[in-house]
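Undergrad: Read off the chains here:
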Amino acid sequence: MQKVITLRTDRKNGLYDITNEVVSLIKQSRVKNGIASVYVRGSTSAIMIQENWDQSVQNDVMTLLGRLVPSGIWEHDRQDNNGDAHLKAGLIGPSETIPIIDSTPGLSTWQNIFLCEFDGPRERREVVVTIIADN
Amino acid sequence: MQKVITLRTDRKNGLYDITNEVVSLIKQSRVKNGIASVYVRGSTSAIMIQENWDQSVQNDVMTLLGRLVPSGIWEHDRQDNNGDAHLKAGLIGPSETIPIIDSTPGLSTWQNIFLCEFDGPRERREVVVTIIADN
Amino acid sequence: MQKVITLRTDRKNGLYDITNEVVSLIKQSRVKNGIASVYVRGSTSAIMIQENWDQSVQNDVMTLLGRLVPSGIWEHDRQDNNGDAHLKAGLIGPSETIPIIDSTPGLSTWQNIFLCEFDGPRERREVVVTIIADN
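Protein chains in written order, with the working numbering: chain A, 1 to 135; chain B, 1001 to 1135; chain C, 2001 to 2135.
In isolation and in its complexed conformation, chain A is listed as follows (with noise of 0.2 angstroms):
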C-alpha cells in the first residue's frame, strides 16, 4: 500500500509529529509484519526519528542544527536565501525505514516519528508511506 500524508506548517523551522498517520496506515494495510518507508517530498525538509516525551528535543533538535547549519554564508544564498534549508534537509536525510510488528510501527516507547520543516510556513507538505511486507 502507498498513500500520502499532507500536513500543513505554521514555523520557519519546527518538528512536526506524524506518528498517528502512520499508525492509522499500517492498521489500513492490513500488514502484519515488514517495513514502512516514510518519504518527505521536498528538498528543504526530512524525516527525523525522535523522542517524544515533550517540546525541549524539538527545540534542541533546532538549535543544534542551528550552530552546525548557520544560515546566510551559502554560494546557494544567493539564489533564494535558504542554503541553510537545503543543507540541513541533506544532514538528516527526507526518509526513515520503519519495522512492522503485529501491525504497528516497531517503535520503542520513547520513539516517534517527526516531519523536519526547515523552510516553512508552507501550505502543504507531503509525505509518503509505502507499506511492504516481509517474507
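What the hints contain is simulated information worked out from the structure, not anything from laboratory work. It is possible that some hints are incorrect.
To be verified - Covered stretches of chain A (chain B as the covering partner; in silico rule of three or more C-beta atoms under 8 angstroms from a C-beta of chain B): (1) 24-36; (2) 41-50; (3) 54-66; (4) 87-96; (5) 106-114.
Even glycine gets a Cβ: it sits at the ideal position worked out from N, Cα and C.
Since the structure of chain A is already known, use the hints to place chains B and C on it.
TA: Chains B and C only, in chain A's frame:
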C-alpha cells in the same frame, strides 16, 4: 522474515559491530536478493555503516559527535540530563537499509554494521532486522 | 529487481547526480508502486538527496562537511590519512530509500539523488539499486 537481535552495551558511548548477526539472519531467511532493514528501538542509539578495519574510526566517530553535540547545554537536560544522546541519535538515525546480494549483505570490504550507543551502559538494546525479497 | 550502477569520480570531494540512472532502472523493473533502495558500496562515500537546481548547493554541502569534519585530526589518519572521509560517510550514510509512484521515483521537483565522493578520485564506485513492489 523479521527477527530481533539483542545486545548488552558496557559503555556510555560506543560502537558495537552487529554484522555477523545480520549475516546469519539473512542466511536463515533464504532470501537471495532483496533488502535487509536494520532498525534500533531506542531513542538514544542509532545504526551506522562504518569502516571495520580497527578501533580507530569507531573512536573518531565518538570524538566527532562529542564535538558536534556537546553535553550539558540542552533544554532536555533539565528532564533527564541526556539531551546530547537524543540529538546524536536523531542526527545519525535508527535505521539503515542494506541490499542482499546472493544471500549475503551487499557491504563493501570495509563496511560493517554498527549499533551506536549514546547513553549506556544498557542491559538490553533491541535491533529489528526485516528481510524482504526483491521482485 | 536488483542492479548495480557504476561510476567514475574525478575529484577528492564531490556530488555526482545518479537520478537518471535510477529512473531508468525503475522503468526497466516495471514496478508501478513500491520502493527503490539505493546503496553505495564504499566506506568513504554516501548517498544524499539534495537540491538539483544548480551547482551551488553541491558546493555548499562540501563546504559544510569540511567545516563539521576537518581533515588531519583523527586517530584513523595514522592508518591511511582519510579519517575525515570515513566520518563524513558515516554521518550522511550509504543508503536512501525512495518511493516509486506510477513507475517513477517519488522525488519532488527539486530533489535529485547524488553519490557523495569523500575520498576520490576513484575508478569505480558501485551503487546497488534494489526495487521492491508494495503490497
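Undergrad: Each hint needs a verdict: does it hold in this structure or not?
TA: Hints, verified against the model:
1. 24-36: Three-residue rule met by the stretch 24-36 of chain A, so holds; n is 3.
2. 41-50: This one holds; 3 residues, not fewer than the three required, reach chain B with a Cβ under 8 angstroms.
3. 54-66: Since 8 is at least three, the answer is holds.
4. 87-96: holds (count 4)
5. 106-114: With 5 residues closer than 8 angstroms to chain B, the stretch 106-114 of chain A meets the three-residue bar; holds.
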